Amino acid sequence: MNLRIVYRLAMVLVISQVRATRSRVRLKSLRRPIAIFAASLTAFVLAFIVFWKIAPAISSVGEGGVALEDLTRQGLIGLPSFVIFFTILSGLLWELSYSTQFSSTEIINALPLSASEYVLGSSLSVAYSYSVIPATGLGATLALGMYFQRIDLWMMTAVFTFVGTFLGAFVIEIVRAVMSRTSSAFYRRGGRLAIAIRLVGAVLILLVFQLAFNYRVMYILLQSLMTGITVAWFIPVAWPSLAIMESYQANYVSAFALAISSIAFMGIMFWVSVKLRERYWVPIPASIRISTAPYSPGIGLLGRLGFSSAESAIFKKDFRSLTRRREMARLLAIPAIILVSMLASFTSSGGELEFMAFSLVSFSLAVAIFSLVISMISIGQEASAIWNIYSSPIAPKELVRAKLTLGLLISLGVLLVIFLVVGFLFRPSFEVLILFFFLGLSLATAETSVGLMIGSKFPDFSEIPRSRFVTFSGGFVGTVVGLIVGGIVSAPAFIYAFLGQIFPPSEYSLGVVTVLTILLGVAFSLIAHKLSVRKISELLKELPT
Amino acid sequence: MALQLGGAGLRALSINSVSKSFGPVRAVQNVSVEIEAGKIQGILGPNGSGKSTALKMALGILKPDSGSIKVYGVDVQQSPIEAKRMIGYVPESPRLYEFLTGVEYLDFIGDVHGLDVETKKSRITEFLEAFELEGRENEMISGYSQGMKQKIAIIAAFLHRPKLLVFDEPLNGLDPKSARIVKDLIHKLARDGVTTIFSTHILEIAEAICDAITIMYEGRILAEGTMQELRSQAGMPGSTLEDVFMKVTGTNDVRSIVEALAR
Numbered sequence: 001m002n003l004r005i006v007y008r009l010a011m012v013l014v015i016s017q018v019r020a021t022r023s024r025v026r027l028k029s030l031r032r033p034i035a036i037f038a039a040s041l042t043a044f045v046l047a048f049i050v051f052w053k054i055a056p057a058i059s060s061v062g063e064g065g066v067a068l069e070d071l072t073r074q075g076l077i078g079l080p081s082f083v084i085f086f087t088i089l090s091g092l093l094w095e096l097s098y099s100t101q102f103s104s105t106e107i108i109n110a111l112p113l114s115a116s117e118y119v120l121g122s123s124l125s126v127a128y129s130y131s132v133i134p135a136t137g138l139g140a141t142l143a144l145g146m147y148f149q150r151i152d153l154w155m156m157t158a159v160f161t162f163v164g165t166f167l168g169a170f171v172i173e174i175v176r177a178v179m180s181r182t183s184s185a186f187y188r189r190g191g192r193l194a195i196a197i198r199l200v201g202a203v204l205i206l207l208v209f210q211l212a213f214n215y216r217v218m219y220i221l222l223q224s225l226m227t228g229i230t231v232a233w234f235i236p237v238a239w240p241s242l243a244i245m246e247s248y249q250a251n252y253v254s255a256f257a258l259a260i261s262s263i264a265f266m267g268i269m270f271w272v273s274v275k276l277r278e279r280y281w282v283p284i285p286a287s288i289r290i291s292t293a294p295y296s297p298g299i300g301l302l303g304r305l306g307f308s309s310a311e312s313a314i315f316k317k318d319f320r321s322l323t324r325r326r327e328m329a330r331l332l333a334i335p336a337i338i339l340v341s342m343l344a345s346f347t348s349s350g351g352e353l354e355f356m357a358f359s360l361v362s363f364s365l366a367v368a369i370f371s372l373v374i375s376m377i378s379i380g381q382e383a384s385a386i387w388n389i390y391s392s393p394i395a396p397k398e399l400v401r402a403k404l405t406l407g408l409l410i411s412l413g414v415l416l417v418i419f420l421v422v423g424f425l426f427r428p429s430f431e432v433l434i435l436f437f438f439l440g441l442s443l444a445t446a447e448t449s450v451g452l453m454i455g456s457k458f459p460d461f462s463e464i465p466r467s468r469f470v471t472f473s474g475g476f477v478g479t480v481v482g483l484i485v486g487g488i489v490s491a492p493a494f495i496y497a498f499l500g501q502i503f504p505p506s507e508y509s510l511g512v513v514t515v516l517t518i519l520l521g522v523a524f525s526l527i528a529h530k531l532s533v534r535k536i537s538e539l540l541k542e543l544p545t
Numbered sequence: 001m002a003l004q005l006g007g008a009g010l011r012a013l014s015i016n017s018v019s020k021s022f023g024p025v026r027a028v029q030n031v032s033v034e035i036e037a038g039k040i041q042g043i044l045g046p047n048g049s050g051k052s053t054a055l056k057m058a059l060g061i062l063k064p065d066s067g068s069i070k071v072y073g074v075d076v077q078q079s080p081i082e083a084k085r086m087i088g089y090v091p092e093s094p095r096l097y098e099f100l101t102g103v104e105y106l107d108f109i110g111d112v113h114g115l116d117v118e119t120k121k122s123r124i125t126e127f128l129e130a131f132e133l134e135g136r137e138n139e140m141i142s143g144y145s146q147g148m149k150q151k152i153a154i155i156a157a158f159l160h161r162p163k164l165l166v167f168d169e170p171l172n173g174l175d176p177k178s179a180r181i182v183k184d185l186i187h188k189l190a191r192d193g194v195t196t197i198f199s200t201h202i203l204e205i206a207e208a209i210c211d212a213i214t215i216m217y218e219g220r221i222l223a224e225g226t227m228q229e230l231r232s233q234a235g236m237p238g239s240t241l242e243d244v245f246m247k248v249t250g251t252n253d254v255r256s257i258v259e260a261l262a263r
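Protein chains in written order, with the working numbering: chain E, 1 to 545; chain G, 1 to 263.
Pulled out of the complex, with its shape left as it was, chain E reads as follows (with noise of 0.2 Å):
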């Protein structure tokens, strides 16, 4: 094995790495790789002083003392299990987002490298490009540990971090040889179903990652992993921890043997990553067959409904590439997420309207931001196949109706879902119901044309493994104006409920409030449509170069 190809090629994917996440960053330090570098020693050092400095803090208030030294406990035991959880999800979630286009085009195929040195020189880029999070969680428990004088521990914990952190990395280089090797037959067997299938699996990822980042979840995950890890002596990820916990309880003995076990099971994830690479060397492009029927074209419901030709080519074009390009699953997971974290995170003393602005926050938000979203990355995604559009006789306005309408109509299927959560978990009154039914309604109606406005404005079309479709100042611009514009709808039904704590709502205020929040939904969304127009015709003049 050669230790310098391994390096050069760990450097060129972590470049890699680096300008498919930060492309639009203009400061150019930080498209390199000394950056993630950087950032890992400034969170190290920022994270050991804020513990140093809190440590004594929080140790001087009452039960403090007992209770930091939980923690500590806690953090210097859990911290490698942790690790090897975040750099596998993290793996799996790069994974997901990578354009399909670009899992199959790796020159570095073609390379004279070995399986070993490839495998190591990917597993050193994954492990160096996720450093941050590893360093943060040294940084606060060398403070911790320093504090409550168990530097031994700490300096155990650091090395079964690195053990993880390569682990995980082995674990996420299995994963993508046997996907590899799997995802041809699986789709071209599986059609359909198979696409369905990949769609719900990385919503469901991503959702379990969002949920392992919120602080409830993390408090309950933790105290399970401190009260059960004890019985989890046959799970080998857990083996780095179990071995601090064991040093920490003086048993030498067994924190030794787990000690090895760690390293060999690691040892054994690389020999195993390295052979399924051997095997499994050049990724063959997915073969997916859609359907067997043979081609029989219809007006489809549409055309029925006195939408032009191209308009429902455009609708059932976007339509599909929303729901077989892997990329987008990130997109289609949003009001899940958000759903899922504010319901984790909720807590109440009881009361109606406290429920109710509960829901509205959580309702209002989940459908303004997947609205806005999915309307703003409709033109960008088109890519390089822009030039289809571009060279077809589609007239402004027919694009735009195309993709405000598809927009429009996910939006309110998401709307009908949370709308029924939000109704099964807290049910409100059938007048609240109402009103939650037409702010959804209004907020979805003009975040689309929102979103459509700031996609036309700044479209990104450039490939690259982590397309974002939208610039980045679009991206910022279309944020705030996305709040402003969500913040003006629902603020009816938010002075509503915020009010109505205080001072007894009347009889008739809810339908005004309703009436209120659909005229200004129906506002924003005119005006926004007709910008919308408007930038098309401009974007539609020339192609981008």
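Hints listed in this document are in silico derivations from the structure and should not be mistaken for laboratory results.
All of these numbers come straight from a predicted model, not from anything done at the bench.
We treat Cβ as the ideally placed atom computed from N, Cα and C, and that holds for glycine.
Just a sample of chain G residues kept apart from chain E, beta carbon distances all over 10 Å, derived:
1) 178
2) 222
3) 227
4) 234
5) 259
6) 262
7) 263
Listed next, the in silico EDC-like pairs over lysine to aspartate or glutamate satisfying Cα-Cα at most 16 Å (straight line):
8) E:541 / G:75
9) G:63 / E:538
10) E:541 / G:82
Use these hints to put chain G onto chain E, whose structure you have.
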């Protein structure tokens, strides 16, 4: 310079004094071309000579800095939708919607051109059969080879029976049978009055199928005319198009380069 084919016939494409720059790069400089309906016009030139830019402007998807372009009398800047209805276009390395199947992509193209259901169905079926894509039409384009993608792009260009075909390196990656089909189809359509303008690097093809050839270099037209006219302009009677091309573009002495590379 302006090339006129066949005298006073119907003008399919009129490019008048068109220029286009991308920043400091002057991609096309004061180019004029006139093509009569039913003719096949080849555009030759080294890489970066402005061929693709000229074709994109002819289609109306790039805006010229100056000059005007008309397709069958329709100004492509003033009435782009009307012009595009008459044009079938295949870009160099076409990027298709890879998440669609071949047949879904063609169905999409048929719909945006407003073909009725029956016409669309019969044409797509016929073309898929002719280009030997039947059996693969329900697979996503992402799994197609480069040649299969090219075939789909070519079918899409022919699908709505355009009056003007704008092809940028149309035979890239095609197998011999499909290339032959495309060439014969262009000839057959020319007899029906369909005009074709295409760029190519394969000089034998240009020589074999074009009524006239334009040679571009650094954004300008260096030479234009029928094969005989080009030979006489170059002072090389009886020579091949390759020899004429090399002489006109000043790239005829490649021996020293080859020798240096082989060292």
